[in-house]
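Q: Protein chains in written order, with the working numbering: chain A, 296 to 475; chain B, 109 to 699.
These aren't lab readings, by the way, just hints derived from the structure by calculation.
Computed from a prediction, not measured in an experiment: that's the story for all the values here.
Among the hints, erroneous ones may be present.
Pair ranges (Cβ atoms, derived) [stated by the list, open to error]:
no.: 1; chain 1: B; residue 1: S298; chain 2: A; residue 2: R406; range: 45 to 51 Å
no.: 2; chain 1: B; residue 1: D401; chain 2: A; residue 2: S433; range: 51 to 57 Å
no.: 3; chain 1: B; residue 1: P219; chain 2: A; residue 2: G326; range: 16 to 22 Å
no.: 4; chain 1: B; residue 1: K480; chain 2: A; residue 2: S336; range: 49 to 55 Å
no.: 5; chain 1: A; residue 1: E349; chain 2: B; residue 2: I130; range: 34 to 40 Å
no.: 6; chain 1: B; residue 1: I130; chain 2: A; residue 2: H355; range: 53 to 59 Å
no.: 7; chain 1: B; residue 1: D232; chain 2: A; residue 2: I468; range: 31 to 37 Å
no.: 8; chain 1: B; residue 1: S298; chain 2: A; residue 2: I468; range: 18 to 24 Å
no.: 9; chain 1: B; residue 1: D390; chain 2: A; residue 2: H309; range: 24 to 30 Å
no.: 10; chain 1: A; residue 1: Q353; chain 2: B; residue 2: L162; range: 45 to 51 Å
no.: 11; chain 1: B; residue 1: P219; chain 2: A; residue 2: S336; range: 27 to 33 Å
no.: 12; chain 1: B; residue 1: I284; chain 2: A; residue 2: E349; range: 27 to 33 Å
Here are some, though not all, of the chain B residues that point toward chain A, as calculated from beta-carbon distances under 10 Å [to be verified]:
no.: 13; residue: C231
no.: 14; residue: G235
no.: 15; residue: H243
no.: 16; residue: N244
no.: 17; residue: W245
no.: 18; residue: L246
no.: 19; residue: K255
no.: 20; residue: E259
no.: 21; residue: R268
no.: 22; residue: V295
no.: 23; residue: R297
no.: 24; residue: P301
no.: 25; residue: V303
no.: 26; residue: A307
no.: 27; residue: S424
Simulated pairs of lysine-lysine, DSS-like, Cα-Cα distance not exceeding 27 Å [as the list claims (entries may be wrong)]:
no.: 28; chain 1: A; residue 1: K374; chain 2: A; residue 2: K354
no.: 29; chain 1: B; residue 1: K182; chain 2: B; residue 2: K255
no.: 30; chain 1: A; residue 1: K374; chain 2: B; residue 2: K416
no.: 31; chain 1: A; residue 1: K374; chain 2: B; residue 2: K304
no.: 32; chain 1: A; residue 1: K354; chain 2: B; residue 2: K292
no.: 33; chain 1: A; residue 1: K354; chain 2: B; residue 2: K452
no.: 34; chain 1: B; residue 1: K312; chain 2: B; residue 2: K457
no.: 35; chain 1: B; residue 1: K479; chain 2: B; residue 2: K672
no.: 36; chain 1: B; residue 1: K312; chain 2: B; residue 2: K456
no.: 37; chain 1: B; residue 1: K452; chain 2: B; residue 2: K321
no.: 38; chain 1: B; residue 1: K312; chain 2: A; residue 2: K374
no.: 39; chain 1: B; residue 1: K456; chain 2: B; residue 2: K340
no.: 40; chain 1: B; residue 1: K634; chain 2: B; residue 2: K480
We treat Cβ as the ideally placed atom computed from N, Cα and C, and that holds for glycine.
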Amino acid sequence: MNQPASAYFIEERHDPNETHTLAVLVQNEPGVLARVIGLFSGRGYNIESLTVSETEAQKHLSRITIVTTGTPMVIAQIKHQLDRMIPVYQVVDMTETRRSIERELAMVKVRGQGEHRVEALRLADAFRARVIDATTESFVFEITGNTEKINQFIDLMRPIGLVEVSRTGVAAIGRGPEGM
Amino acid sequence: MSDKSHDPNQMTGAAMIVRALIDHGVTDIFGYPGGAVLPIYDEIFQQSQVQHILVRHEQGAGHAAEGYARSTGKPGVALVTSGPGATNMVTPLTDALMDSIPLVCISGQVPTHLIGNDAFQECDTVGITRPCTKHNWLVRDVNDLAKVLHEAFYVATTGRPGPVLVDVPKDVQFAIGTYHPPRKSDVHRSYAPRVKGEATQIRKAVALLAGAKRPVIYSGGGVINSGPEATKLLRELVEVTGFPITSTLMGLGAYPASGKNWLGMLGMHGTYEANMTMHDCDVMLCVGARFDDRITGRVDAFSPNSKKIHIDIDPSSINKNIRVDVPIIGDCGNVLGDILQVFKAEAKKPDIKSWWQQIAQWRARNSLYYKKSNDVILPQHAIQSLFEATRGKDTYITTEVGQHQMWAAQFYGFEEPHRWMTSGGLGTMGYGLPAAIGVQVAHPDSLVIDIAGDASVQMTMQEMSTAVQYELPIKIFILNNQYMGMVRQWQQLLHGNRLSHSYSEALPDFVKLAEAYGGVGLQVTKPADLEGAIKEMISVKRPVLFDCRVAALENCFPMIPSGKAHNEMLLPEQANDEATAKAFAGGKALV
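Please construct the entire structure, taking both the sequences and the accompanying hints into account.
A: Structure representation (structure tokens):
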């Protein structure tokens with residue numbers, strides 16, 4: 296097929312996308328999150344989930360966990376681009392290590408009466424979700440697990456009377472005695 | 109009175125800035141005053157160690173600082189005010205980021221209590237410049253200022269060099285705090301560029317080089333950034349291996365253009381022999397270049413049968429565009445030294461006689477051919493004449509962006525590094541004139557020439573006034589074809605010759621313009637007068653605008669057409685309408 300006239304070489308890439316979870320240890324200073332997010336938007340990378348919090352207050356260290364998708368070449372680029380930012384200490388590809396645990400917390404509000412309430416409680420029990428707020432016509436469940444489990448729970452709650460969901464995004468940590 | 113008042117390190121933020129400049133060996137800065145930097149200007153007024161060059165527009169300050177940096181290897185420094193002063197710096201900062209030029213920009217900011225209030229001349233400077241700097245800082249406490257300034261210089265000049273910006277609110281400039289001289293702990297512990305290449309990778313590289321039948325060295329701006337030692341080692345490597353060498357636009361001068369192994373520049377407007385050598389090679393050694401899209405052409409057809417070694421200090425340059433076989437992360441000079449050492453100890457010069465014979469055949473195509481005329485000056489001929497007239501002189505060349513830039517790269521032979529200042533990555537029209545000012549400030553007795561186009565040069569023409577004020581005898585050599593030549597060329601080749609807004613209906617009289625600024629104007633229209641006029645230009649010790657009227661419709665060849673590979677170049681003798689139409693198949697019908 297003919298390409299359109301262009302000063303640039305246009306090519307389509309067909310490498311399959313992969314999903315990776317990256318743990319990024321950064322100096323907690325003004326603008327550091329903006330730098331990381333700006334890198335993703337500026338270079339056209341995807342952010343599926345982003346979780347950030349200070350983890351070592353005395354050392355001013357924050358840990359950013361990013362779930363991203365891209366071709367293997369793009370994922371490698373993302374890691375290098377993150378690593379060369381001045382306030383970034385370390386970038387670990389939790390997916391590549393294959394030895395990490397990922398968790399997410401969600402609060403799920405469900406509204407309903409009669410049989411729907413019973414069904415909601417029954418499912419919550421099966422998913423080990425806790426009731427953290429209740430009224431005569433609603434529940435708020437707290438559920439922890441990997442992304443897939445939470446998605447599944449939310450899908451089940453939808454027909455019962457799902458009102459809204461608040462999720463923390465993914466946090467990840469490596470198995471075993473060693474730190475990052 | 110407390111003892112503190114006698115402490116020589118107690119000073120205002122503004123005084124700290126000037127003191128830090130002195131401590132980092134800065135002798136010249138480029139800037140423009142305004143409300144939010146007045147305390148700093150007051151300090152500058154009261155000292156004589158740092159000379160300040162007043163530009164006419166902040167963009168000019170940025171490019172002048174870039175020219176200064178590129179021609180000296182030292183960081184360039186720009187000082188601008190808040191708001192528009194800072195936003196006008198965005199282009200030079202981005203330019204410096206793309207071309208890895210060490211630049212330290214200090215910007216004023218509204219007082220801290222007004223930040224976020226939409227105060228007069230306020231803008232989110234660190235937000236705006238975050239993606240166009242290597243790093244930037246907003247200093248809210250005067251006691252952090254010394255540390256930040258020292259870190260700024262360190263970050264700008266180490267690893268892959270680049271621009272940094274320090275935003276200093278006006279109240280911090282007035283506040284008194286404690287200064288300290290540069291020390292190691294000023295730098296983020298998270299910042300530690302790798303300088304030395306991995307030994308196992310270096311061995312792998314040497315093994316590939318030693319076994320090569322059809323090798324090529326492809327060098328880039330990283331060699332020049334690395335310093336004089338890297339240039340020396342690159343030349344030695346060429347000598348020891350006998351390999352052919354080509355270079356990117358940014359890398360010109362690292363290997364001398366008169367050297368026998370020189371193939372000329374590669375890429376979109378590179379020579380036929382350089383691109384064919386790249387395409388057909390079996391081992392490619394890329395030193396401090398980044399496989400930019402102007403270099404590679406079609407990525408999936410780029411040098412398909414070669415093993416590729418890539419030396420770069422920035423890990424993110426590796427495998428960004430092209431997959432390589434042996435990546436070596438480290439400083440070019442350092443890694444080249446290690447490669448040479450291992451090569452000399454363990455390998456011998458491979459026999460590549462037949463490869464050189466092949467290259468000689470490609471060379472014989474004479475891809476930079478153009479037809480001279482007695483009636484009209486060909487732009488290529490103008491550059492060649494300029495080169496001949498300045499050969500052996502202590503000359504620095506800057507350029508704007510467009511056809512003239514490519515012709516300068518093709519026809520001006522660079523023998524040494526740091527002699528060629530051009531906007532490669534960002535392609536900033538208007539770069540060359542202010543850059544020439546920066547170069548001339550750094551090298552007051554040298555011949556500094558901006559090879560310009562009539563369109564580009566008007567983007568920063570106001571800096572002629574700066575050149576006149578500081579008696580900087582820069583020469584602006586304008587290849588005047590009355591078009592935005594490269595835009596017109598693409599329109600001819602790809603858009604059915606519909607020359608949409610690429611012709612300048614009204615150009616200034618450049619001779620009168622030069623005179624209006626207090627400079628010297630020269631014009632030449634006939635090939636016979638060219639040589640004499642260039643001589644006159646060189647002999648004038650004042651800023652010159654040289655209006656060189658050239659053939660209006662000349663195009664820049666050879667050229668890799670859009671979506672084509674290195675071995676599908678369009679050569680000048682083939683560039684008739686029919687062949688061009690075919691080469692650009694997929695483009696609109698050509699007239």
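Q: Hints first: check each against the structure and report whether it holds.
A: Hints and how they fare:
1. Checked against the given bound of 45 to 51 Å, the beta carbons of S298 (chain B) and R406 (chain A), roughly 47 Å apart, stay inside it.
2. For D401 (chain B) paired with S433 (chain A), a C-beta distance near 56 Å keeps the hint of 51 to 57 Å intact.
3. In this structure the hint that P219 (chain B) and G326 (chain A) lie 16 to 22 Å apart at CB holds, the actual value being about 19 Å.
4. A beta carbon spacing of about 51 Å between K480 (chain B) and S336 (chain A) agrees with the range 49 to 55 Å that was offered as a hint.
5. Range check, E349 (chain A) to I130 (chain B): about 38 Å between beta-carbon atoms, so the 34 to 40 Å window is met.
6. For I130 (chain B) paired with H355 (chain A), a C-beta distance near 31 Å fails the hint of 53 to 59 Å.
7. At about 35 Å, the beta-carbon gap between D232 (chain B) and I468 (chain A) stays in the expected band of 31 to 37 Å.
8. For the pair S298 (chain B) and I468 (chain A), the supplied restraint of 18 to 24 Å holds, since their beta-carbon distance comes to about 20 Å.
9. Restraint check, D390 (chain B) to H309 (chain A): a C-beta distance of roughly 27 Å satisfies the suggested window 24 to 30 Å.
10. Distance hint check: the CB atoms of Q353 (chain A) and L162 (chain B) are about 47 Å apart, consistent with the given range 45 to 51 Å.
11. Our hint of 27 to 33 Å for P219 (chain B) and S336 (chain A) holds, since their Cβ atoms are close to 31 Å apart.
12. Evaluation of the 27 to 33 Å hint for I284 (chain B) and E349 (chain A) yields a pass: the beta carbon distance comes to about 32 Å.
13. At about 15 Å, the closest approach between the beta carbon of C231 (chain B) and any beta carbon in chain A exceeds 10 Å, and the interface hint on this residue is violated.
14. The beta carbon of G235 (chain B) is positioned within 10 Å of a beta carbon in chain A (closest approach about 7 Å), and the interface hint is therefore held.
15. Hint status for H243 (chain B): holds, given a least beta-carbon distance of 4 Å to chain A, under 10 Å.
16. With 10 Å as the threshold, the beta carbon of N244 (chain B) comes within range of chain A, its nearest partner Cβ sitting at about 8 Å, so the hint holds.
17. Against a cut-off of 10 Å between C-beta atoms, the interface hint on W245 (chain B) holds, since the closest Cβ of chain A lies about 9 Å away.
18. With its C-beta approaching chain A no nearer than about 7 Å, L246 (chain B) sits inside the 10 Å limit, and its interface hint holds.
19. At its closest, the beta carbon of K255 (chain B) sits 12 Å from a beta carbon of chain A; the interface hint therefore is violated under the 10 Å criterion.
20. Here the hint on E259 (chain B) is kept, as its CB sits about 8 Å from the closest CB of chain A, short of 10 Å.
21. Hint status for R268 (chain B) relative to chain A: holds, with the closest Cβ pair at about 8 Å, below 10 Å.
22. Hint status for V295 (chain B) relative to chain A: holds, with the closest Cβ pair at about 9 Å, below 10 Å.
23. A least Cβ separation of about 7 Å between R297 (chain B) and chain A falls short of the 10 Å threshold, and the interface hint therefore holds.
24. A least Cβ separation of about 8 Å between P301 (chain B) and chain A falls short of the 10 Å threshold, and the interface hint therefore holds.
25. Taking 10 Å as the C-beta contact cut-off toward chain A, the hint placing V303 (chain B) at the interface is violated, the least distance being around 14 Å.
26. At a threshold of 10 Å, the smallest CB-CB gap from A307 (chain B) to chain A is about 22 Å, leaving the interface hint violated.
27. For S424 (chain B), the interface hint holds, since its Cβ comes within 10 Å of a Cβ in chain A; the closest pair sits about 4 Å apart.
28. Proximity of K374 (chain A) to K354 (chain A) is assessed by CA-CA distance (about 23 Å); at most 27 Å being required, the pair is judged to hold.
29. For the given pair, K182 (chain B) sits about 20 Å from K255 (chain B) by alpha-carbon distance, which is consistent with the 27 Å threshold.
30. Distance restraint check for K374 (chain A) and K416 (chain B): the Cα-Cα separation of roughly 22 Å lies within the 27 Å cut-off, and the hinted pair is therefore satisfied.
31. Between K374 (chain A) and K304 (chain B), the direct Cα distance comes to roughly 21 Å. Compliance with the 27 Å bound is thereby established for this hinted pair.
32. The straight-line distance between the Cα atoms of K354 (chain A) and K292 (chain B) is roughly 18 Å, inside the 27 Å bound, and the hint therefore holds.
33. Proximity of K354 (chain A) to K452 (chain B) is assessed by CA-CA distance (about 47 Å); at most 27 Å being required, the pair is judged violated.
34. The suggested pairing of K312 (chain B) with K457 (chain B) holds, with an alpha-carbon distance near 16 Å, which does not exceed 27 Å.
35. Our distance criterion of 27 Å between C-alpha atoms is met by K479 (chain B) and K672 (chain B), whose separation comes to about 26 Å.
36. Distance restraint check for K312 (chain B) and K456 (chain B): the Cα-Cα separation of roughly 15 Å lies within the 27 Å cut-off, and the hinted pair is therefore satisfied.
37. Of the pairs offered as hints, the one joining K452 (chain B) and K321 (chain B) holds, with about 18 Å between alpha carbons and a cut-off of 27 Å not exceeded.
38. Proposed proximity of K312 (chain B) and K374 (chain A) is supported: the alpha carbons are some 25 Å apart, at most 27 Å.
39. Between K456 (chain B) and K340 (chain B), the direct Cα distance comes to roughly 20 Å. Compliance with the 27 Å bound is thereby established for this hinted pair.
40. Straight-line distance between C-alpha atoms of K634 (chain B) and K480 (chain B) comes to about 12 Å, which keeps the hinted pair within the 27 Å bound.
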